[in-house]
Amino acid sequence: MESDPLIEAGLTFDKLDSQIGQLPSLSIIVTRLLVLLQRDDVTMAALTAEIARDQALATRILRIANSPFYGLSSHIGSLQQAGTLLGLHTMHSIITAAGIIGHFPPRQDTGFDRFSFWLHAIGTGIAAQVIARRSGLDSEQAFTAGLLHDIGKVVLTAYFEQDFARVLVYRDEHDCLIREAEQEVMGFDHTHIGARVARHWKLPNLLITAIQNHHTISSKASPLAELVHVADIICRGMDIGHGGDDLIPTLHPDALSRLGLDWPDLRSLLPEIEELNMSAGLLLEGLSDSEDI
Amino acid sequence: MKTRIKIKLQKARIGQVLAHDVIDFNGNCLINESVVLTGDMISNLQQRAVDTIVVWGQALNENEIIVQQHAFREKLAHRFRRVQNNSEMCLLHDILLSWRLENTGVDSNED
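Chains as they are written, first to last, in numbering that gives the first Met the number 0: chain U, 0 to 292; chain E, 0 to 110.
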C-alpha cells in the first residue's frame, strides 16, 4: 500500500518532545507567580511585589483590570489597588491570562484566526466559570483551565507551522474535527501537545490533566476536566469564537450528571454565558501588547 | 432597520457606533456622534464615570427575524451534522436552538 505523504511528513512524538524542550520558557516572573498562586498562604503583597519586577507584565495586568470586562467604575492606577478591588481569585485569572497569552509571538499567516481562537478560549473559560459556580467548584480555577484547554493548538500554529498546515489540509479534505486531523496527520493531538507544554511551563497538575483529558472523559476524569469538556462543547454550540473547525465534539453522556447538572440547569446558564462573552473581546484587547495577537 | 439604543456603558462593545455625542456632567463633549468605539475609548469613559451612552443598534422586523432564525438553524445543523444519531447531542442541539430562537431579534444590550 502506498504510504500517505501527509502522515510521513508529520510531526512525531520524539520530535515533539525534543522541540517542546527548546520552546521559550515562560518568563521567570510568570513562573514564580504561578508557583506563588498555588500556595494557600499567598498574600496580595507578595504577588504585587513579584509582578512589579516585570514592567511589561504589570502594565498588561493593569490594562486588563481596567478593561470594561471587569466593569469597575473607577480607574485602577496600581497593582495594589487592582488586588484590593478585584480580589486574589480574580487576580489569579488575570495573571495567568496575561502571562500566557502575552507569551506567544505575533500572529503568523497559517490559515488560523488566532483572535477567534482566543475568543473561543476565553469563552470556554467564562462558560467553565459559570458552570463551576452552579456546580460548587472553584470558578477561577475553572476559568484558567478553560482559557488554556486548547493551548496545544496555539503552540502548533506558533512553533510547528508546517505540521499545522498539513493538519488544516487534512481537516478540509476529510471534513473532520481538527483533533481527528491532528491524530491522522501526526499520530497525536493538541491535548498531548498542550499537556507537554503545560508541564514544560510547570503549570499545576490539575491544569495539566484538564488540558490533557478534556476530550477523553472517563469515570476517573477530574471534575475540572469534565467542566472544560462541557464548557468547550457549549461554546462551540453557541458559536463563541472559533476552535479550529466547524463541527462539535460529542458530549460524554455522564459529564453533566457528574457535575451535578441536568439539561434544564444547562439551559438556564446560557444567558449568563452569552452576556459575559459579549465583552470578551475587550478582555482580549487588554491582554495583548498590540492588536496583532 | 437601524435604531438608536441607550445602553449602560458596561455593556458597550468595541465596534459599536455612537448615535449621540457623549457629554460629561459639565457639558463637555467627550466623544462625537458617529465615532466607532474602541476599548481605550470605553475605558476612558469609565474613568469619567459615564453611565450610559447611545449607540446605533439593529431592530429587526418580522421578516428579518425569520431570516436570522433560519440562518442560525442552518448553522447549528451544519455544526451538528456528524452527531445526528446521538440522542444526547440531539438534545443539546434542541436546547441551543430553542434558546437562540427565543432570543432572536432581542438585543440583550438594550435597556
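Hints were generated in silico from the structure; no laboratory data involved. Note that CB positions come from ideal geometry on N, CA and C, so glycine has one too. There's no promise every hint is true.
[As the list claims (entries may be wrong)] A short list of chain U residues far from chain E (calculated; beta carbon distances all over 10 Å):
{"#": "1", "residue": "F103"}
{"#": "2", "residue": "R198"}
{"#": "3", "residue": "I232"}
{"#": "4", "residue": "D245"}
{"#": "5", "residue": "T249"}
{"#": "6", "residue": "R257"}
{"#": "7", "residue": "W262"}
[Stated by the list, open to error] Partial pick of chain U residues on the chain E-facing surface, computed with a CB cut under 8 Å:
{"#": "8", "residue": "L246"}
{"#": "9", "residue": "P252"}
{"#": "10", "residue": "M277"}
Structure-based check of all given hints:
| no. | hint | result |
| --- | --- | --- |
| 1 | F103 | 20 Å, holds |
| 2 | R198 | 32 Å, holds |
| 3 | I232 | 7 Å, violated |
| 4 | D245 | 6 Å, violated |
| 5 | T249 | 6 Å, violated |
| 6 | R257 | 14 Å, holds |
| 7 | W262 | 6 Å, violated |
| 8 | L246 | 6 Å, holds |
| 9 | P252 | 5 Å, holds |
| 10 | M277 | 6 Å, holds |
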